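Number of protein chains: 2
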Amino acid sequence: MSQARHAFDQAIALQAAGDGVFEGHTHAAYANMVGPFGGITAAQMLQAVWLHPERLGEPTALTVNFCAAVADGPFVVHAQAVRTNRSTQHWFVTLRQDDAVVASATAVTALRRATLRAQDAGMPQVPQPDQVPPMAGKSPVAWIDRYDIRYVRGGLPREWDGSDAGDSQSCGWFADEPARPLDFASLAALCDVFFPRVWLRRAQRVPIGTVSMTVYFHATAQELADNPGRFVLGQAHSHVMHDGFADQTGALWSEAGRCLATTHQSLYYKE
Amino acid sequence: MSQARHAFDQAIALQAAGDGVFEGHTHAAYANMVGPFGGITAAQMLQAVWLHPERLGEPTALTVNFCAAVADGPFVVHAQAVRTNRSTQHWFVTLRQDDAVVASATAVTALRRATLRAQDAGMPQVPQPDQVPPMAGKSPVAWIDRYDIRYVRGGLPREWDGSDAGDSQSCGWFADEPARPLDFASLAALCDVFFPRVWLRRAQRVPIGTVSMTVYFHATAQELADNPGRFVLGQAHSHVMHDGFADQTGALWSEAGRCLATTHQSLYYKE
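For the protein sequence lines, the chains are F and W, in the order given. Heads up, the numbering used here is the position in the first sequence plus 548, with the first residue counted as 1. Heads up, the numbering used here is the position in the second sequence plus 548, with the first residue counted as 1.
It is worth saying that the hints were derived from the structure and are not from the lab. On a predicted model such as this, the values are computed, not experimentally measured, just so you know. Treat the hints with care, as some may be off.
Note: identical chains are not told apart, hence a pair may lie in one copy or across any two.
[As the list claims (entries may be wrong)] Cross-link-like lysine to any residue pairs, in silico, SDA-like; alpha carbons within 20 Å at most: (1) Lys686 / Arg753; (2) Lys818 / Leu659; (3) Lys686 / Gly621; (4) Lys818 / Ala617; (5) Lys686 / Ala616; (6) Lys686 / Leu599; (7) Lys818 / Arg661; (8) Lys818 / Glu606; (9) Lys818 / Arg634; (10) Lys818 / Thr768; (11) Lys818 / Gln752; (12) Lys818 / Thr632; (13) Lys686 / Leu704; (14) Lys818 / Thr758; (15) Lys818 / Leu604; (16) Lys818 / Asp712.
With the hints as constraints, model all of the structure from the sequences given.
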């Protein structure tokens, strides 16, 4: 009996077409309101680096710029090492449709060596995932059903009444649904799982779009694969919303309290 | 009597050489231990976008990847608009020496429109700049003398004795020295002014280098030009230091308490 491949693995599947070029296709399971969930686009671009035969080491930093709406359909990812050093490598990645750039990215891959370790980012004290109810209600878009989402605080407003929540802090448990072992691609996607801070701050579903998103990875592939938990705890907040652009900063911890990634975004919003 | 041009303006001066290509030169006044201060390199790359005749709007996001040591001498910056939309524009920028990429960057420029504004990032309560003594001692590198640096807390360790500071938080006032009106370039440079968190955390001057740096701008050019204060208040901390790579996250406020920029880095460090 064959096991069906996880939708996430289907979504990030790329066909090598030579010289750093990879062909992929958007996946209906990760559809957003317009085009795909940004996290899956980020994962697809990182995956091109991951699959590149000249890759040195593992991802430590990724910045994805969402240049235009990705149309449902095929796309071409081009991953190019612009500089390869002894222990670090710098990548420039584009995702194109009909030869136009719809997303661009830079990534750093590196050989790590064991050094001092310090984690200043303590995991927030929250109830365990099995004690927190999953987000209720029918999902307005497909990708939300690909995640088990359990907000501990700062969840989606119950009433879209324009009231001011007072702050932009959210904290919750997130997991691939169905479960899937963590890797860099899925961790990158999870970094985009938070609903927009401006929705929380104003209880108003204004049009938004992530413009640029950065992920710093704080674990190795082996450490991610060895991670025993199903959920990550995510926390996010905004510093500033100003004249159409807001930032978001966040962190993801393993169930055991290890900070696996920190992530930052610049988002466009309308009033 | 002519007034000498500020060293910062000399350092970011670029000669247009057609088709998004700009020629520049490193400046001795911003020299670091090896090559120039990363902040000045970031400013030079942003300046190429700023000077580009096809630029739409003003910078909202910038990510600079430091691919290799910049050698003292001439360089060529190439700024390319990879996508231009109605109100946003996406840039890919390279800085080359001897035709090799030594730094790469992406930037977003955008037309802002007046919308709701919210600032969740309150400025830390600290004494005013004139009540805080400037950093004392002879600067080991030139660029430090280009700034008036007044740490309120988390300053450079007095003793490099390997003791654990307990956390990686720093907060202080920073200004161009001599004074210079704020603009996007100088704000980008100021985002790199913090000494490495790993030095603070371990009171040990281990070799470090910024690998990737992101800046989100939360003000317009006009708002920066109108800023009456000489100093910005900067706060920075690290979430994780793990096996050779550490992150840093920070924010800069005007003297009046407005958050002008948030900034994030991934740094390489040796033990």
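Tested hints:
no.: 1; hint: Lys686 / Arg753; in the structure: within (16 Å within a copy, 54 Å between copies)
no.: 2; hint: Lys818 / Leu659; in the structure: between (42 Å within a copy, 12 Å between copies)
no.: 3; hint: Lys686 / Gly621; in the structure: neither (25 Å within a copy, 60 Å between copies)
no.: 4; hint: Lys818 / Ala617; in the structure: within (16 Å within a copy, 41 Å between copies)
no.: 5; hint: Lys686 / Ala616; in the structure: neither (28 Å within a copy, 50 Å between copies)
no.: 6; hint: Lys686 / Leu599; in the structure: neither (36 Å within a copy, 49 Å between copies)
no.: 7; hint: Lys818 / Arg661; in the structure: between (45 Å within a copy, 9 Å between copies)
no.: 8; hint: Lys818 / Glu606; in the structure: between (37 Å within a copy, 17 Å between copies)
no.: 9; hint: Lys818 / Arg634; in the structure: between (45 Å within a copy, 14 Å between copies)
no.: 10; hint: Lys818 / Thr768; in the structure: between (38 Å within a copy, 17 Å between copies)
no.: 11; hint: Lys818 / Gln752; in the structure: within (11 Å within a copy, 47 Å between copies)
no.: 12; hint: Lys818 / Thr632; in the structure: between (41 Å within a copy, 19 Å between copies)
no.: 13; hint: Lys686 / Leu704; in the structure: within (13 Å within a copy, 53 Å between copies)
no.: 14; hint: Lys818 / Thr758; in the structure: within (12 Å within a copy, 34 Å between copies)
no.: 15; hint: Lys818 / Leu604; in the structure: between (41 Å within a copy, 19 Å between copies)
no.: 16; hint: Lys818 / Asp712; in the structure: within (16 Å within a copy, 46 Å between copies)
Comparing the model with each earlier hint shows violations of hints 3, 5 and 6; every other hint is respected.
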